[in-house]
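A.B. asks: Using the hints provided, position chain B relative to the given structure of chain A.
As they're listed, the protein sequences go chains A and B. Numbered continuously in the numbering used here, the first sequence closes out at residue 235. Numbered continuously in the numbering used here, the second sequence closes out at residue 1138.
Errors might be hidden in some of the hints.
[As the list claims (entries may be wrong)] Keeping only pairs whose Cα atoms sit at most 27 Å apart, straight-line, the calculated DSS-like set for lysine-lysine is: (1) A:Lys92 x B:Lys1071; (2) A:Lys86 x B:Lys1120; (3) B:Lys1121 x A:Lys43; (4) A:Lys86 x A:Lys3.
[Said to hold, decoys possible] If you want the ones that stay clear, here's a sample from chain A, every Cβ over 12 Å from chain B, calculated: (5) Ala7; (6) Leu39; (7) Arg84; (8) Tyr149; (9) Val233.
To be clear, the hints were calculated from the coordinates, so they are not data collected in a lab. Fair warning: this is a prediction, and the values are worked out from it, not measured in the lab. Every residue, glycine too, gets a C-beta built ideally from N, C-alpha and C.
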Amino acid sequence: MLKRALAIISLLLIGYWIAQGLAGVPFGQDRMLVAQYYLDHVKEQTGAVNAVTAIVVNYRGFDTLGEVTVLFIASTGVGALLWRRKKQRTAKTEGSIVLTTGTRLLVPFVMLFGAYIFIHGHLTPGGGFPGGATIATAFLLLYMAFVQYEIPHKAFEKVEGAVGVSYVLVGLIGLAIGGYFLYDWIWQDWGFGVDNIGRLLSGGFIPIIYTIIGLKVGTELSGIIDNMLKEEVSE
Amino acid sequence: MNALAAIGEALVLIGTFFYLLSALGLIRMPDVYNRMQTSTKSATLGSLGVMVGVGIWALGTDFGSAAWLTKTVVIAVFLLLTNPISAHALIRAAYKSGIPLWEGSVVDKYREHLEAGEKKKAETPEASEETPEEGGEE
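For reference, chain B alone in the conformation it holds in the complex:
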């Protein structure tokens, strides 16, 4: 066992530990938003650790090659790009469909923003309809 394999094993261990943390967060947290917060972040980080770790691990073994590392890095980058977007879309859909925050939540700026926007829209309906903000900020 050489240094590369050892680094890879350590990375895989760290990654699986973060997987465990994300599963724990899924059970432990009180509402959807907190659960998404814990699970997506640590699951993304855990996947990155596991994937890059496997690639480096393969470099250290006698049957592995650089193709492993390339493939795992490509998958890791793809996951790094897509996972936050999917989490964002899920959270946004959850909020839009009216899932309440945890009762211990203190501040909800987004609701204030939405209500301000509705008030503005009610006052000047034509102006706001003609210029729909990009990103659906309504």
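With the rest of the complex left out, here is chain A:
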């Protein structure tokens, strides 16, 4: 009781403190310094209509590389923590026939939609991370509906590694051509798709990077699901 009261009081104090800090921030006023630069120059400099993905991939691509690395480490960490010599699914009951049929019907559409999200990252909201998470959702559906489903491990792990390497490779090509890491050579040097900003074939290397990230995130989250759903079996 005393513990809980103390926790509530301290939380209220912290909340009041944060609210005091936020009270000085002028919301709704035009206080943009860097953001205004992004908004003004995003189309000519990156070719993307979606300013968020342009910032995430182009202006601050290094952060995205870091996030992908974090995800990769998380996946590897889960794999290392739950490592067993022999593992199997523990699902005792199959999903009902409505669920399995629905899953069979829906999984291709979910995957298609995931691919749509990450391919259109420079045009519509979303990008590689939501698209990859959607694709992982499709595999989660398969895992949930069927007793015996297993992702194709060989292909998955290869894709995971290959796309991770290709992200760094794209950055290194930029380094070789333009002089710094993650330089957008497709847009800045080739001017590919200059005439059709707002259509699919534009946006410099944002679609390429986001396809890479989408595949990476999708395979990694599916791998985490796969690891977590399995238990050791005694021979």
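C.D. replies: Relative to chain A, chain B alone:
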């Protein structure tokens, strides 16, 4: 305001009305199964009304285009396909985890079916294990 916009507004109104009904059903009904029954059905129908209504509404305005209707119809079809499946899975999980029916319920055929299956299994354990019925009808 033209006819398309008016139809769209009417559909959105009907949809929100069904949303309200589903929320009411969630409060009003006595047990999990009745609540799921009222809420999922009317929420699905309400969403369909709202979504297709928004699409048609956008056709009637001067800034709207056919892309709106296409998008909303795609979302509506997806929801129409997924919502009943999720409701089914939820209900089935609720029943399997032993949540009782409303005390006013009269008949529980599924329990009878399960008990008959268990009896059969107890009599011939090998036969029933070798042929697990698809859909987990145990």
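A.B. asks: Each hint should be assessed against the structure and marked as holding or not.
C.D. replies: How the hints compare with the structure:
Simply put, Lys92 of chain A and Lys1071 of chain B have alpha-carbon atoms about 39 Å apart, too far for the 27 Å limit, and the pair is violated. Under the criterion of a C-alpha separation no larger than 27 Å, the hint pairing Lys86 of chain A with Lys1120 of chain B is inconsistent with the structure, at around 35 Å. Proximity of Lys1121 of chain B to Lys43 of chain A is assessed by CA-CA distance (about 68 Å); at most 27 Å being required, the pair is judged violated. The straight-line distance between the Cα atoms of Lys86 of chain A and Lys3 of chain A is roughly 45 Å, outside the 27 Å bound, and the hint therefore fails.
With a closest Cβ-Cβ approach of about 32 Å to chain B, Ala7 of chain A is found to remain outside the 12 Å limit, as its non-interface label requires. With 12 Å as the threshold on Cβ separation, the claim that Leu39 of chain A sits away from chain B holds: the shortest Cβ distance comes to roughly 22 Å. Non-interface call for Arg84 of chain A relative to chain B: holds, since the shortest CB-CB distance, roughly 26 Å, exceeds 12 Å. The claim that Tyr149 of chain A is not at the interface with chain B holds, since no C-beta of that chain comes within 12 Å of its own (minimum 15 Å).
For Val233 of chain A, the condition that its CB be more than 12 Å from all CB atoms of chain B holds, with the nearest at approximately 19 Å.
Hints 1, 2, 3, 4 from the earlier list are contradicted by this structure; the remaining hints agree with it.
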